[in-house]
Every structure is written in C-alpha cells, then in structure tokens.
Amino acid sequence: MRAVFKHELSSCFSNMTAYVFGGFLLLFTGIYVMVYNLQNATVNFEYVLGSMSFVFLIIVPILTMRVLAEERRQKTDQLLYSLPLTMTQVVLGKYFALLAVFAAPMLIVCLYPLILSAYGNVNLAGSYSAIFGFFCLGAALIALGVYISSVTESQAVAAGLCFVVMLCNYFISDLSGFASSTAYASLASLAVVILLVCLVVYLMTKSGVFAFGLGAVLEAGLIGLYLWDSSRFEGLFPEIISQLSLFERFYAIVNGVLDLTAIVYYLSVSGVFLFFSVQSMEKRRWSE
Amino acid sequence: MIEVKHLTKRYGSHTAVSDLSFTIEKGQIYGFLGPNGAGKSTTMNIMTGCLAATEGQVKIGGFDIFEEAEQAKKLIGYLPEQPPLYLDRTPREYLSFVARAKKIPEKKIPEELERVMAVTATLDVADRLIRNLSKGYKQRVGIAQAILGDPEVIILDEPTVGLDPRQIIEIRDLIRQLGKEHTVILSSHILSEVQAVCQTILIISKGRLVACDTPDNLERLFAGTNTVELVAEGTEEEIRRILADVTLGQVASLRDLGDGSCFIKLQSDQSKGNAVCRELFFAFSKAGKPILRMTTTRASLEDVFMELTNGEKEDGK
Numbered sequence: 001m002r003a004v005f006k007h008e009l010s011s012c013f014s015n016m017t018a019y020v021f022g023g024f025l026l027l028f029t030g031i032y033v034m035v036y037n038l039q040n041a042t043v044n045f046e047y048v049l050g051s052m053s054f055v056f057l058i059i060v061p062i063l064t065m066r067v068l069a070e071e072r073r074q075k076t077d078q079l080l081y082s083l084p085l086t087m088t089q090v091v092l093g094k095y096f097a098l099l100a101v102f103a104a105p106m107l108i109v110c111l112y113p114l115i116l117s118a119y120g121n122v123n124l125a126g127s128y129s130a131i132f133g134f135f136c137l138g139a140a141l142i143a144l145g146v147y148i149s150s151v152t153e154s155q156a157v158a159a160g161l162c163f164v165v166m167l168c169n170y171f172i173s174d175l176s177g178f179a180s181s182t183a184y185a186s187l188a189s190l191a192v193v194i195l196l197v198c199l200v201v202y203l204m205t206k207s208g209v210f211a212f213g214l215g216a217v218l219e220a221g222l223i224g225l226y227l228w229d230s231s232r233f234e235g236l237f238p239e240i241i242s243q244l245s246l247f248e249r250f251y252a253i254v255n256g257v258l259d260l261t262a263i264v265y266y267l268s269v270s271g272v273f274l275f276f277s278v279q280s281m282e283k284r285r286w287s288e
Numbered sequence: 001m002i003e004v005k006h007l008t009k010r011y012g013s014h015t016a017v018s019d020l021s022f023t024i025e026k027g028q029i030y031g032f033l034g035p036n037g038a039g040k041s042t043t044m045n046i047m048t049g050c051l052a053a054t055e056g057q058v059k060i061g062g063f064d065i066f067e068e069a070e071q072a073k074k075l076i077g078y079l080p081e082q083p084p085l086y087l088d089r090t091p092r093e094y095l096s097f098v099a100r101a102k103k104i105p106e107k108k109i110p111e112e113l114e115r116v117m118a119v120t121a122t123l124d125v126a127d128r129l130i131r132n133l134s135k136g137y138k139q140r141v142g143i144a145q146a147i148l149g150d151p152e153v154i155i156l157d158e159p160t161v162g163l164d165p166r167q168i169i170e171i172r173d174l175i176r177q178l179g180k181e182h183t184v185i186l187s188s189h190i191l192s193e194v195q196a197v198c199q200t201i202l203i204i205s206k207g208r209l210v211a212c213d214t215p216d217n218l219e220r221l222f223a224g225t226n227t228v229e230l231v232a233e234g235t236e237e238e239i240r241r242i243l244a245d246v247t248l249g250q251v252a253s254l255r256d257l258g259d260g261s262c263f264i265k266l267q268s269d270q271s272k273g274n275a276v277c278r279e280l281f282f283a284f285s286k287a288g289k290p291i292l293r294m295t296t297t298r299a300s301l302e303d304v305f306m307e308l309t310n311g312e313k314e315d316g317k
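Protein sequence lines correspond, in order, to chains C and U. Letter by letter, the first sequence follows residues 1 to 288 of the working numbering. Letter by letter, the second sequence follows residues 1 to 317 of the working numbering.
Just so you know, not all the hints are guaranteed correct.
Derived DSS-like pairs (lysine-lysine); straight-line CA-CA distance at most 27 Å [unchecked claim]:
(1) C:283 with U:59
(2) C:75 with U:180
(3) C:75 with U:135
(4) U:135 with C:283
(5) U:5 with C:6
(6) U:103 with C:283
Facing chain U, from chain C, some residues (calculated, C-beta under 8 Å) [unchecked claim]:
(7) 2
(8) 4
(9) 7
(10) 11
(11) 13
(12) 15
(13) 17
(14) 82
(15) 83
(16) 88
(17) 187
(18) 188
(19) 189
(20) 190
(21) 242
(22) 285
If you're looking for bench data, these hints aren't it; they were derived computationally from the structure. Glycine included, C-beta positions come from ideal geometry on N, C-alpha and C.
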C-alpha cells in the first residue's frame, strides 16, 4: 500500500493536480475570509467554511477524475493486477494519497483562525471543529469521486458525473421540500426506488430470477409495513432524502454542534464508496 | 513451474480460450504462437492474474493465481501487449514504484534499478519522461519492469511488436540472456521469431492448444512429406509415360509450360528424400529427356503452422 501511496502522491504533484486543487481551495478561503471576516468584521471563521463548502463541487472532480479512470485508459491497470498487490491496497493507497493532497492546503487553512485571533476574539474551538468537519466532508466526497473514477475510463466522464452527483447532493435537502409528504406519496416513491434498485441489480448480475425475487420481497415488505402502520409513512420519503445530504451535516458542525454521528456518517460513506471502488476494480477482471 | 488446467474464458457467447491445458518446466524459453485473435493474450492475462478465467485453474510454482495471488504474483514478471507505463514519470521513478510494489527491500532498490536498467540498456534515458521515449525504449522499460526483483517466470506478450529490425535483434538477444536463468514465456504471431528464440513452441489456434513441442520436432512430426519440383523437356504425354515408372513419389500436379517443357510436382516420404531424385534422374535420362531444373523442399515450420491453424478452422465449421 505504501508503494501505491508514494507513487500516487508524487504523481499528483508532478502533474499539477495537487497545485490546482490546493490553489483553488486556498483562493476561495482567502476570498471568503476577506469578505466575511475582514470586510464585515466578524470573528466567526466557521461561517467562512460553511459558505464555501460548494467549492468541493469544483475541486473534488479535479482531484479524483484521473485516479482510476486514467489507469484503465493507459492500460496501466494491467500492471497493478499483475503486481503482488491486492485491489484493496491499490484503492486505499490512492485514497490516502488524495487525502494527503487535500490535507496540505488544509494545514494552511488551519493558520487562519490563529492569524485572525491576533486581532480579535475568535472562537477557536468552533473554528477548528468546523475545519475538522470540512476535512471529513471532503474525505467522503473524495471517496465518492474515487468510486466514480473507477467505473469509467474517461477522465471527462468521471469529472462530469462526479460534479452532477455532488450537485444533486448539495441541493438535495432543498429539493426534498418539494416531495409530497403524504403517507401514500411516500409509499409510491419508495416502491419506485425499490424497482430502480432491482433494475440495477438485474443489470449488474444478469440474473432475472434474483432481481425479480428481491423486488417482490422488498415490495411485499414495504406494503406490509404500510398496511400495518401507515402513519409512519407520513413525510418518510422527504426525510430519507434529506438524510442523504452530506453537506447538511457539515452545516450542523458549522453551527457549533460537533456531532459524533456526523463523523461516523462521513466515515461510513467513505468506507462504502471505497469498498465499491475495490469491487469495481475486481469486476473489471471478469468482464474485460 | 506453471500448471494450466482446463482453462476456459468466455465473453458472453464468444469463447476466447477453450479447455487449454499445459505445463511449463523451469529454465526454458517457451513460445506461444498463433494467429491474431487466437487467444494468446487472453491466456497470458489469465496466467498473470489480470483476467479471471471462466473455468479452469492456473498454478504458478504451486500457488493458485487466484487463491494465493500474492505468493503466485511474486514469482512472475509480466509485460502486457501494451507496456503499462506511466507517461508522466521517468523510467527511474516508474521502476522504483514497481520495485516497492514488488516488496523489494528499500535498501536494495537503487542497486536493483541499476541492474535492470543496465540489462535492458535504458540507463541513458533513466531520467527522461517516459512520454518522450521512443517505442523501442518504452518496450525496454516495460521489460525492465518485468524483470525487476528477479522473478522466476518472465512472461512477455509480443515483446518485439513495433520495433525496428535492429531493436528486434537486441530484444531477442536479451530474451536469450534471460532464458539462461529464468523461465521465459513469450508470445508472437511471427514464426521466425519464435523459432529463433524458443526451445518449446505452443501453437494456439481458436483458443485451443494444437501442438506443443520443440521447433525441430514439430517440423519432423508434421512435415512427413517432401516436395520435389522439376521442370523437364517433353510433352505432357511423354512425361506421364516416364513418370509411370517412378514408384517412390506421387505426382501432385503436372502442367505444360508451353515451350516444350513441363512443370511437375511430386510428393514423397521424407525418408526417401534423395532416392526420389535419383530415380527421377535415371528415369528421365533413360527416356532421353533432360531435366532442366529440380528442387526438393522440406516442409518448414511455416507450413506446419499453416496446416495446424487452417485445419482447426475447417474443424470449426
């Protein structure tokens, strides 16, 4: 794993990625600090990070688009497969290298509250927990980007897809307000979601019996639950959707609640997408 | 050293490799020979763990390539058809990554890099970006990557494709050198190449192993017949009369060339090689018809190859 880590890290620094990523991040932080802290004379550094969280939509694709897609296009993945490395080592090595690239500008960001505190009364605990939350959010989004990069061999497609998925996630809690909150509407939406999941399962496994069986069991369970207690379905679908938002939990941290569940949430999202990436790399061996 | 058992690979309904079994002994150079699309690369990819087999098993030094991948892969160095190079690195950076991934102790890495770069003659380009190297140098960096860490088995997929004749000769010499201490498996669709370098040839056609032997044996085994071609003076009728007395060979074709001479093609058993010529000579001289030209050709490996791979096609129909 250390070999992959070192290699990925040095290639991020040799092909500009790390500089563009870090440059963007620091540029945005600088502008927001100017506007929020200096111009408006507030001392809350955490709001700077809160307002600029959309910067991830731009910088995460820059960082992650080539990480696995390019290996596939250049056929260097054949080298990775034939070396005595497991795919878990490859994916983790690359992921930690990207985290290191992300951590470098974040260390500079860590200086901001200290500098500001020389001129005013900065809430250091709040600022640093926001920086920590910001890093965790970024780590989860980078894992998502790594996974998206593993499913395609074109960097452009990986970047576009990654942007769109993150954009949806960014606005998801606003959008969830538009979903109807009646019990019946939730039931119908969940039924459709199950059908979509089964379609994906069918496309991936090519086993009609399994997908159909899974769909039947899940739909039956759903209808059973609805008949048993329909009141629980009220507002359920919008609630589920808004729970998917990665950004919403970060805003809670910005507002001063360093919630352990949020950190666990970010860690599990990263874990799930890294697991998917490993599986997607393994799958290439079967279908190539 | 390597055991391949009942290997099958299907892509949907297309069968790329079907029921391939062979064993590879230590310390020899093996050649995979077959037309394009015969399944050579697929087989090599499966043997090195880059591709999963639909059925069958591959064991490298007793380790299953899938079950005990790490131990098995430590024994192999692999150069795929397209050298897997990171274009934005220099050969030195690239090779040191591979060396670390192969778990060569950190202290030995510089020494090992010097060694493989010296063997593959890539020292003068060690610090240039791989992107800017010529095809020949890229191929050599690829080979350097495969022989890093001195693996017991070196698998090279079409190592000389796209190189100029001088580079081809150099790479062949390099492969011969490697063959002294390692087991080398290389694939090619160029016959002369395999014939020049390999001690054992495996001919693959349509995903099946159709022959496995030394080049000489293959020629002997399949080239059971000699062909004698001659041009002699005389009309077709006269010549047919003369040939009726010749007992050792069968006439394969007879054609009047229109200038008072005929072209004749005879086939005979290889063992009767010169006897046929002698008999023909005396038969024609007795009849007073001069032989203008006479040549014997032994079936070459090329013919064997054509016969084996074409025969397979007909069976397939």
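Hint check results:
1. C:283 with U:59: holds (21 Å)
2. C:75 with U:180: This hinted pair is violated, its Cα atoms lying about 30 Å apart.
3. C:75 with U:135: holds (16 Å)
4. U:135 with C:283: Status violated; Cα separation ~31 Å.
5. U:5 with C:6: The hint is violated at about 38 Å.
6. U:103 with C:283: Roughly 25 Å separates the two Cα atoms, so the pair holds.
7. 2: For residue 2 (chain C), the interface hint holds, since the closest Cβ of chain U sits about 7 Å away, which is under 8 Å.
8. 4: holds (7 Å)
9. 7: holds (4 Å)
10. 11: holds (7 Å)
11. 13: Nearest chain U Cβ about 11 Å off; hint violated.
12. 15: Nearest chain U Cβ about 5 Å off; hint holds.
13. 17: Violated - the Cβ of residue 17 (chain C) stays beyond 8 Å from chain U, reaching only about 11 Å at its closest.
14. 82: holds (4 Å)
15. 83: holds (5 Å)
16. 88: violated (12 Å)
17. 187: violated (39 Å)
18. 188: Status violated, d = 37 Å.
19. 189: Check failed: Cβ of residue 189 (chain C) comes no nearer than 36 Å to chain U, outside 8 Å.
20. 190: Because about 35 Å separates residue 190 (chain C) from the closest Cβ in chain U, which is outside the 8 Å limit, the hint is violated.
21. 242: violated (41 Å)
22. 285: Holds, about 5 Å.
Of the numbered hints listed earlier, those contradicted by the structure are 2, 4, 5, 11, 13, 16, 17, 18, 19, 20 and 21.
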